[in-house]
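Chemist: Listed below are the residues making up each chain.
Protein chains: 2
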Amino acid sequence: MKIALAQLNYHIGNFEDNVSKIKTSISKARSEGADLVVFAELAVSGYPPRDFLEFDDFIRRCRLAVEEIAGVCTDIAAVVGVPTKNPEFMGKDLYNSACFLADGKVREMRHKSLLPNYDIFDEYRYFEPNKKFDIVEYKGEKIALTVCEDLWNLGNDPLYTVIPMDELMKQQPDMIINIAASPFNYNQHRIRTDILKKNARKYGLPLFYVNHVGAQTELLFDGGSQVIDAQGKVVEELAYFREDFAVYDTKELKSNNRPAPLSAYPQGNEKIGLMYDALVMGVKNYFAKLGFTKAILGLSGGIDSAVTLAIAAEALGNRNVLSVLLPSQFSSEHSVSDSLEMIKNLNSPYEIISIETAFKAFEETLKPQFKDLPFGLAEENIQARARGVILMALSNKFGYILLNTSNKSEAAVGYGTLYGDMNGGISVIGDVYKTEVFQMARYINRNGSIIPENIITKPPSAELRPNQKDSDSLPDYEILDRILFQYIENRKGPEELIEMGFDEKIVRKTLRLVNTNEYKRYQTPPMLRVSPKAFGMGRRMPIVAKYLS
Amino acid sequence: MKIALAQLNYHIGNFEDNVSKIKTSISKARSEGADLVVFAELAVSGYPPRDFLEFDDFIRRCRLAVEEIAGVCTDIAAVVGVPTKNPEFMGKDLYNSACFLADGKVREMRHKSLLPNYDIFDEYRYFEPNKKFDIVEYKGEKIALTVCEDLWNLGNDPLYTVIPMDELMKQQPDMIINIAASPFNYNQHRIRTDILKKNARKYGLPLFYVNHVGAQTELLFDGGSQVIDAQGKVVEELAYFREDFAVYDTKELKSNNRPAPLSAYPQGNEKIGLMYDALVMGVKNYFAKLGFTKAILGLSGGIDSAVTLAIAAEALGNRNVLSVLLPSQFSSEHSVSDSLEMIKNLNSPYEIISIETAFKAFEETLKPQFKDLPFGLAEENIQARARGVILMALSNKFGYILLNTSNKSEAAVGYGTLYGDMNGGISVIGDVYKTEVFQMARYINRNGSIIPENIITKPPSAELRPNQKDSDSLPDYEILDRILFQYIENRKGPEELIEMGFDEKIVRKTLRLVNTNEYKRYQTPPMLRVSPKAFGMGRRMPIVAKYLS
Numbered sequence: 030m031k032i033a034l035a036q037l038n039y040h041i042g043n044f045e046d047n048v049s050k051i052k053t054s055i056s057k058a059r060s061e062g063a064d065l066v067v068f069a070e071l072a073v074s075g076y077p078p079r080d081f082l083e084f085d086d087f088i089r090r091c092r093l094a095v096e097e098i099a100g101v102c103t104d105i106a107a108v109v110g111v112p113t114k115n116p117e118f119m120g121k122d123l124y125n126s127a128c129f130l131a132d133g134k135v136r137e138m139r140h141k142s143l144l145p146n147y148d149i150f151d152e153y154r155y156f157e158p159n160k161k162f163d164i165v166e167y168k169g170e171k172i173a174l175t176v177c178e179d180l181w182n183l184g185n186d187p188l189y190t191v192i193p194m195d196e197l198m199k200q201q202p203d204m205i206i207n208i209a210a211s212p213f214n215y216n217q218h219r220i221r222t223d224i225l226k227k228n229a230r231k232y233g234l235p236l237f238y239v240n241h242v243g244a245q246t247e248l249l250f251d252g253g254s255q256v257i258d259a260q261g262k263v264v265e266e267l268a269y270f271r272e273d274f275a276v277y278d279t280k281e282l283k284s285n286n287r288p289a290p291l292s293a294y295p296q297g298n299e300k301i302g303l304m305y306d307a308l309v310m311g312v313k314n315y316f317a318k319l320g321f322t323k324a325i326l327g328l329s330g331g332i333d334s335a336v337t338l339a340i341a342a343e344a345l346g347n348r349n350v351l352s353v354l355l356p357s358q359f360s361s362e363h364s365v366s367d368s369l370e371m372i373k374n375l376n377s378p379y380e381i382i383s384i385e386t387a388f389k390a391f392e393e394t395l396k397p398q399f400k401d402l403p404f405g406l407a408e409e410n411i412q413a414r415a416r417g418v419i420l421m422a423l424s425n426k427f428g429y430i431l432l433n434t435s436n437k438s439e440a441a442v443g444y445g446t447l448y449g450d451m452n453g454g455i456s457v458i459g460d461v462y463k464t465e466v467f468q469m470a471r472y473i474n475r476n477g478s479i480i481p482e483n484i485i486t487k488p489p490s491a492e493l494r495p496n497q498k499d500s501d502s503l504p505d506y507e508i509l510d511r512i513l514f515q516y517i518e519n520r521k522g523p524e525e526l527i528e529m530g531f532d533e534k535i536v537r538k539t540l541r542l543v544n545t546n547e548y549k550r551y552q553t554p555p556m557l558r559v560s561p562k563a564f565g566m567g568r569r570m571p572i573v574a575k576y577l578s
Numbered sequence: 030m031k032i033a034l035a036q037l038n039y040h041i042g043n044f045e046d047n048v049s050k051i052k053t054s055i056s057k058a059r060s061e062g063a064d065l066v067v068f069a070e071l072a073v074s075g076y077p078p079r080d081f082l083e084f085d086d087f088i089r090r091c092r093l094a095v096e097e098i099a100g101v102c103t104d105i106a107a108v109v110g111v112p113t114k115n116p117e118f119m120g121k122d123l124y125n126s127a128c129f130l131a132d133g134k135v136r137e138m139r140h141k142s143l144l145p146n147y148d149i150f151d152e153y154r155y156f157e158p159n160k161k162f163d164i165v166e167y168k169g170e171k172i173a174l175t176v177c178e179d180l181w182n183l184g185n186d187p188l189y190t191v192i193p194m195d196e197l198m199k200q201q202p203d204m205i206i207n208i209a210a211s212p213f214n215y216n217q218h219r220i221r222t223d224i225l226k227k228n229a230r231k232y233g234l235p236l237f238y239v240n241h242v243g244a245q246t247e248l249l250f251d252g253g254s255q256v257i258d259a260q261g262k263v264v265e266e267l268a269y270f271r272e273d274f275a276v277y278d279t280k281e282l283k284s285n286n287r288p289a290p291l292s293a294y295p296q297g298n299e300k301i302g303l304m305y306d307a308l309v310m311g312v313k314n315y316f317a318k319l320g321f322t323k324a325i326l327g328l329s330g331g332i333d334s335a336v337t338l339a340i341a342a343e344a345l346g347n348r349n350v351l352s353v354l355l356p357s358q359f360s361s362e363h364s365v366s367d368s369l370e371m372i373k374n375l376n377s378p379y380e381i382i383s384i385e386t387a388f389k390a391f392e393e394t395l396k397p398q399f400k401d402l403p404f405g406l407a408e409e410n411i412q413a414r415a416r417g418v419i420l421m422a423l424s425n426k427f428g429y430i431l432l433n434t435s436n437k438s439e440a441a442v443g444y445g446t447l448y449g450d451m452n453g454g455i456s457v458i459g460d461v462y463k464t465e466v467f468q469m470a471r472y473i474n475r476n477g478s479i480i481p482e483n484i485i486t487k488p489p490s491a492e493l494r495p496n497q498k499d500s501d502s503l504p505d506y507e508i509l510d511r512i513l514f515q516y517i518e519n520r521k522g523p524e525e526l527i528e529m530g531f532d533e534k535i536v537r538k539t540l541r542l543v544n545t546n547e548y549k550r551y552q553t554p555p556m557l558r559v560s561p562k563a564f565g566m567g568r569r570m571p572i573v574a575k576y577l578s
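Going line by line, the protein sequences match chains A and B. Just so we're aligned: the first sequence equals residues 30 to 578 in our numbering. Just so we're aligned: the second sequence equals residues 30 to 578 in our numbering.
The set of hints was computed from the structure by calculation and includes no laboratory data. For glycine and all other residues, C-beta sits at the position ideal for the given N, C-alpha and C. It is possible that some hints are incorrect.
[Stated by the list, open to error] Interface residues of chain A toward chain B, partial, derived using beta-carbon atoms under 8 Å: (1) Pro78; (2) Phe81; (3) Thr190; (4) Ile192; (5) Asn410; (6) Met421; (7) Phe531; (8) Lys534.
[Said to hold, decoys possible] Straight-line C-alpha distance at most 30 Å; calculated DSS-like pairs for lysine-lysine: (9) Lys121(A) <-> Lys227(B); (10) Lys121(B) <-> Lys161(A); (11) Lys121(A) <-> Lys575(B); (12) Lys373(B) <-> Lys498(B).
Same shape as in the complex, but just chain A:
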């Protein structure tokens, strides 16, 4: 039997486009002689559809879309992921299903058994877990048809009591097909490949794995669909961060000798390289799926906005990103000259708009209230907010989307101005720690200078008062980021951190800053997720609380 893997970029709720893409791939598979073409988990609706799943109308459209796709599956079969109604009274209303389409109709349905409900996942909010196990027979082959997480319990995951493949093995399948929506983080591809290989080996079966690719707001799906032989060897790995397609004969699984997609990343730079490519895809898809083409950002002369600009320029094209330099009386000479050098490197458009007039207008306006009180945080924030007003005015007037340029370290400790530099439609590097931003700048410059050296080497500063440096108010980023990583990614508490050798005063201050700034993060744009624990939907914290604060 010949199986086609169709790794596509879906758009949540966009049934017309999703169905059209799926039908195009079915034609392609047919023309390449495939018997069966496999699409990803919830391909028809896009993943994750979240509370759209609570609308009967949405589920009805899913059903109509599947029926339309089934209509073209006459001389070929297809597997598509789609939410379906649970026909029983008992249990949740829906299943997360793999529909097997053949002979012009939905011939079989298999439902997901293991429903992730941690980090960014909320599947138990919507879906009833499957408890009946049956293989699908097609053209004399027995297929163990599974959905994503169903392969993730090899018997050692305490979250689940069922091992779906153990159940399906009772019917002696010839192969495993798994349809997935497994989002990227810089560790995920290794963990995923490892799990898939272990499944193939444990059951002695070839495995055909089809993942989503593309961004759904902050969630980035990296693709990397795979064919693994019965010995657990990866025969094929589809592209990362773009659509791809391959056809394999189940009787002779041999490598096509294409280089593995990850071999494209330079030695020692795999992590940063993957993060960079993920972010580029994130920006590109965010704009394309919203129907926008042009971005705007404030270019400060610092490293965060420089890296953001480089990513956006690669994603949207250099001429589609407008950099705005917004100097004030506190801006250093080099903030403008360094920015202009970068813009010259990219040949991208820019504006220079001083905020001095606006700042003075607010000073004058607030004089009766502020009187002669000393310059302080309020005045610093006015500058950041005046910049915000100008950027949003240009955005509104000319149809740009504003890119947020904050990094993860700043977002963690609240080092930013709400309604000022924390504005934006999407946060590009909000899941990238400051120390990683430096590494990414070097990576961006790997083939020649895009980001001027001075932007990388000068000490970080918000330039909101004379001679301000980040290090005036924050611990050294090398230390800060290690503490933040242990607290955010690894959920270490203060005692554990102190035991690891971090200074107690710095630890307590850092955790207090993280927890007291939850209110700011609540109002920030979605942040493209590249780590195993990003701010946003995967990290849900109370705002009005008093823990480590």
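Use these hints to put chain B onto chain A, whose structure you have.
Modeler: Only chain B this time, still in chain A's reference frame:
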């Protein structure tokens, strides 16, 4: 046996205060001769602790807090709710537990079986459901000790296959104790009382029910703890929206003849009255738990900011709410005069700060880019954002928290300026539809004029361009709110709405506005939740999607 019900207002993660409150109530119960005192679900940690539950350090502090409370339970017993470690390898790491404290130690633990995972609830993200059922014996009485949702399946809830009380009845208990964290919405008290009465009647047992009271950011817990006799009659209902305490002898459950708390609400105004009191509590607790006393808001002369001011003044004291009038060249005469009349009624502080200087400064600053393009949305938003900058500057300078004054209808259709009038630490009426805001204004004036009549009767306008009216861009609020209610609260799709008789064009426009403005709601402050379906944690939607948009 004498049982005390302690209905307290906890603070998430504030172990010191929570333990201190609990110990004070234990002393009080002891002095009133109680044998047992009952506290709410997750009383020790506050509810909901959300992802703090993933920190070992947080769980350790919960354990230490319970041990400290147990230490004072020598001559009296207590039931407290707390997250506890699941000692088994299999299953999630935690239980949502009711600890029975006696003889100075944790004598028994009973765990929650039915874990809500819908709307604002995420309990299956953290907790393993209990599957073993055992009563607790104390002083010769057999107690069926249950946690909140455990009583909500009377055999007709498809979400659950277990009926915990059916299991516990096998051991012939003498009474039911239920500890709860059941958040308010304007329907919830009736549904809750009905469920509790049905349980008492079904099992023929008296029921002691202790709920949380107080606000946890946007979640409002209304209290209303109850004692119900074995015939299903409510013997006692504790206060709504404040702490309360009562002691009952299980052998003679008779009413104390206090008037039922809900009888305090005027005929026909129960819903609006409850919403109003819930919002007052929400504002009060938000400030108190953050350690702030003073609020600031922009008073526009419209009904939304007027109602917000009235609520905040009742919550914080008239003198603690600073109203700022921010007129522009487009402001009507009455926008200032109506506002001043209301301020006079409340004798609360105010400032008048024109935004004209700031607006002109931005016009001048942007002249090279905007050239002679006609006045439009960008210019309207500059005004709203200039107001935002001024309010935040005062907030930063003098330690006010900014109150957001948007209503639910505006939030739904995106009729507001991000980083402008959508700013604030907390949204006071973001879960109140515009038509309900009008009702609430009348309710606020029930004992004399607080909100001037002209504010209630004039046509709503944002006053961002000459002669602007809300009705220029939005359907009539009477129609809009009915469509929104059916779409948001009842999840009706476009075909269902059209079938209900709504105009197709208005329906499609409204749903499109709701869905294309998800990006704005993502960045708005938490909204005090008073309806069964509020924006925020209980309604999770994709941003980059294309469904009904």
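Chemist: Does the interface hint hold: is Thr190(A) within less than 8 Å of chain B, judged Cβ to Cβ?
Modeler: 7 Å, holds
Chemist: Close enough to count: is the Cβ of Met421(A) nearer than 8 Å to one in chain B?
Modeler: 6 Å, holds
Chemist: So, Asn410(A) near chain B? Judge it on the closest CB pair being under 8 Å.
Modeler: 5 Å, holds
Chemist: Interface hint check: Pro78(A), Cβ to nearest Cβ on chain B, cutoff 8 Å. Holds or violated?
Modeler: 7 Å, holds
Chemist: Holds or violated: are the alpha carbons of Lys121(B) and Lys161(A) at most 30 Å from each other?
Modeler: 23 Å, holds
Chemist: Given the hinted pair Lys121(A) and Lys227(B), is their Cα-Cα distance within 30 Å?
Modeler: 24 Å, holds
Chemist: Regarding the hint that Ile192(A) lies at the interface with chain B, is the smallest CB-CB distance below 8 Å?
Modeler: With a closest approach of 13 Å, the Ile192(A) hint is violated.
Chemist: CA of Lys121(A) to CA of Lys575(B), is that 30 Å or under?
Modeler: 25 Å, holds
Chemist: Just to be careful: measuring from the Cβ of Phe531(A) to every Cβ in chain B, is the smallest value less than 8 Å?
Modeler: This interface hint is violated because 14 Å lies over the 8 Å limit.
Chemist: Just to be careful, I want the Cα atoms of Lys373(B) and Lys498(B) compared with a cutoff of 30 Å; is the pair within it?
Modeler: 27 Å, holds
Chemist: How about Lys534(A): closest beta carbon in chain B under 8 Å, or not?
Modeler: 18 Å, violated
Chemist: Does the closest beta carbon of chain B sit nearer than 8 Å to the beta carbon of Phe81(A)?
Modeler: 6 Å, holds
Violated hints for the displayed structure, listed by number in ascending order: 4, 7 and 8.
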